[in-house]
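Work out the full structure: start from the sequences and follow the hints.
Residue numbers (the numbering used here), protein chains in the order written: chain A, 1 to 105; chain B, 1001 to 1095; chain C, 2001 to 2394; chain D, 3001 to 3403.
Worth double-checking, as some hints may not be accurate.
What the hints assert, rightly or not - Examples of chain D residues toward chain C, derived with CB under 10 Å:
1. A3083
2. A3085
3. Q3296
Stated by the list, open to error - Computed Cβ-Cβ distance ranges for the label pairs, DEER-style:
4. R3392/D / D41/A: 25 to 35 Å
5. E2122/C / G3252/D: 47 to 57 Å
6. S3188/D / W1009/B: 47 to 57 Å
7. G3302/D / V16/A: 29 to 39 Å
8. W1009/B / G3168/D: 24 to 34 Å
Rather than coming from a laboratory, the hints here were simulated on the basis of the structure.
Please read all numbers here as calculations on a predicted model, not as lab measurements.
From the three backbone atoms N, C-alpha and C, an ideal C-beta is built for every residue, glycine too.
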Amino acid sequence: MGVAGARGPEAAAPAVDAVICRCEAVALGALVAARNAWAIDDLRQLKLLTRAGMGMCQGRVCQPLLESLARSWGWDPSGALAARPPTRPWAMGQVLPESSEPEHG
Amino acid sequence: MANPLVRFWLDGEERQGPLGVPVGLVLYGQGERVLGWNEVTGQPRGLYCGIGHCFECRLEIDGVRDQRACLVPLAAGMRVCRQVPPTPLAFEDAP
Amino acid sequence: MTGRAPQVVVVGAGVIGAAVTYVLSSAGVRVTLVDRGPLGGGTSSRCDGNVLVIDKDPGYQAEMAMLSQNLLREWAGDLGDIEYRRPGSYLALAGEDEEEPARAWVDAQCREGLAFRYLEYEETHRVMPDLAADVPGSVYSPTDSTLNPLAYVAALLAKSRHRGAQVRARSPVAEIRVEQGRAAGVGLADGTALVADAVVVAAGVWTPAVLAPLGVRLPIRPRRGHLVVSTKGPRYGDVKVMEFGYLMAKFGRERVVPPDVERFGVALVYEPTRAGNFVLGSSREFAGMDTEPDPAVLHAIVKRALRFYPGMARATVLRGFAGLRPWTPDHVPVVGPVPGVEGLYVAAGHEGDGIGLAAVTGRLIGDFILERTPPLPVAPLAVGRFQEETAEWA
Amino acid sequence: MSPKRFDAVVVGAGPAGLAAAGVLSRAGYAVLVVDEAPVPGGRLWAQWHRLGSTVWDGAHEVDRLVSALAPGVQWRLSTSVEAIAGSAAEGFQVDLARGGAVGRAVLLATGAAEVPLPIPGWTLPGVLAVGAAQTLWKGWHIPPGRRGIIVGTNPLGFAVAQELLGAGVESLAIVMPPPSMATAHLGSLPQQWDRLFELAAGAPRWAQPVARLLHGRAGWQRMAMRLYPPGGLAVSGARLQLRRQALAVEGGDCVEAVTLQSVDAAGLPAGAPWTEPADFVLLAGGLRPLGELTAQAGVQRGHYDGLGGEVPLVTARLATSRAGLFAAGNVLGVESARVAIAQGRLAGWGMVAHLGGSVPADRWREAEGALELARRDAPFAFQPGLGAARLRHRADSEREVGP
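Pasting the structure below:
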């Protein structure tokens, strides 16, 4: 593809096609549409119904964007995307006894 | 202090890279911008945050999946593979 | 209730309250649904989407579940995309000692007219090639279905609104008003009074607290369950698989399993989701109202999954969460009128089957309020059936 | 296998964690330091800035902090913390990949994360959070590319632009992000300009009085923006193009170009967009405290824009609302690395006291004085309103968790 890009400058107006959640590939437009279609008024609901913030990074990247969006809609986002264990993904194989930890230090 | 070069494999292809430098950064420096593909869209993804938060640089390293390449130092003989997203499952209703 | 459309207040906007609201508003009843928090914010957004018959006791419970499945199938077309599908489900056996009870289970269900099958070794491993080689067989139920639970709630509410229902989130109920032995409406914490001909309490594990001020005691207790979600990596088959021992855990029967599996009531549930992740369950504990996931339980669930799916050692855990099942002593929900208070109904206590039994529950409450004939006997669901236990739990 | 027991577990081997581990280990306590990076230092060793007439080099600071640890400090590097449970009474369980550890006290020093700027195309390979470019070049001498565009006028972006001098970058421009509902926290472009003038960060020395003059004066500012050269001003090796916004990143498999558009003096789009070739894009959306573990561990928190987001409430000695859990560094608010080091020392002494050790009065004074000094000497503030936010955080903390 050439330097002009697939979208072209003319496509650039309001960025509803900007991805907000990279992992689940949820665009701003999809969040707006879901909010309207389901009459959502809560950030946790928006997350669960669109999957924004539910991907591989566990919401670490898009959380401030979702919270900012929530505030711009007059929602209180505090606690809606609360961190739960595990705070990092882990390999299922690590529960097997034969892979128990080597001593460090 | 230059790090010594060691051999490693990317998707089965032999490479050389500086020992101890995080794999994801080594690959970036070698022009390998695409480290994987998003499972939802199939679009290419690569190094983004460089600090272990975003998981966009995740690779299979020495047989272990979902390793953050920005955090794993290159070691001699390392086998690094890009992870290909699984094809969507066919959800057929039972007859 | 003649001359004008009846007016009903439903307390609790989880899947049960949403289904009740959907049924009533579809019948032209003026419904107001209230919830103290966001819609679907309780157990209905902390659960899986199973709509099962396979784990129900043959007889009444299986019949009720079957009715709900059929209703849901009718509703699905109206509700839009709620990730509804009917892949059937399987119970995998952990050992040869489970073969005989499993065959007996299948026979009993078949005698009741359900299409269960026992799958021998070869067929089991042909359908589920990722299962551990020592799984001796499995049970298959073709009608079992699945959906996205919160999407289900949201769709029920969207359709209900469309039919005139009022839905009020973040509106805690201060009191259920009873006048001359009749439910007269509810008073909200903000001072609003909602007048009604009937009040339905569908508040899941919070139901006893809602009813306590009226002197109504129900032995519904929070039975916590954990679920584990994988990343979108490799998957281990496209069918939903539970272990036969799941039934043992559910009904508190004897099982020979490792200590942490026993302690947390862990039994395998494997469910691939449309999003590309898979969900692993399950656990059963009485641990109060705490829904903060316990890493030890997540580990026990994964350990159990690896017993059935050794290849899963390569998979990655993305997150875990916990929800509170509204448990009842006989594992049967409480659906029906409250004796002594005309116009007051309860629809709660569905333990782990709220998603699956929501449709039939909505239908039954609708039948009570609209004085229609219910599709199955209601005595086993009666509010008053716990007289003795009530004393114990009160 | 039962987990190993320590007096203190330090989560995060950045400036705050290392400084605390130094205090604790020299006071004779058994310390475990955990970090998911393979080497200690966190973001510290990619940092570098002028401090008066000298250069402050993060890499030297890492060496100093590590060599100041007493022997016997245990390490779990390349290790993530999955959860923190328990209490000071029974010991905090720190769940780690493959096993765990128990600490009588735990320091949460998990630093900060970058806030993205979600412009269309930002998922393309070659679009980096600005800190990643810092790690690439300052950390490992890997240039991020040849033609780059930095989106956003966050101080970190200016710092990285300066650091990339010598990285072989042929052209580098700093442009504005387009307004978006998801970045409502940034405000309109004029608000972002005003914030830039307030921070006056990265501006050449001669520009600083001008910036101070313009801050808060909308009329003057509009005039200045009207006069602002369309091609931008040269700042630290980059062209600062305040009257351009990046509408989208273009490319097939990786970054090939950026679509730009001019804005007028009021920050509104003016004229047709065009594309300029680029092979890397850096997003400078700012930093926020990475508080996952503080949230998960259930400590009391508050939201402060000036500190970068949600942070734990802490006593003056950095104890959180849960006895035995301490916090230090950027997790308490985005400030300089020197502030993080000073906070780490203070938290270290706080943990010594919690563990039953005696802390001489002059140690407290020294640690508190160092923190004050580091704040006074900070080359710039990462967010506007930092001072006011700090005061509010202090007052709220005093009320909720004690002095």
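Structure-inconsistent hints, enumerated in ascending order | none
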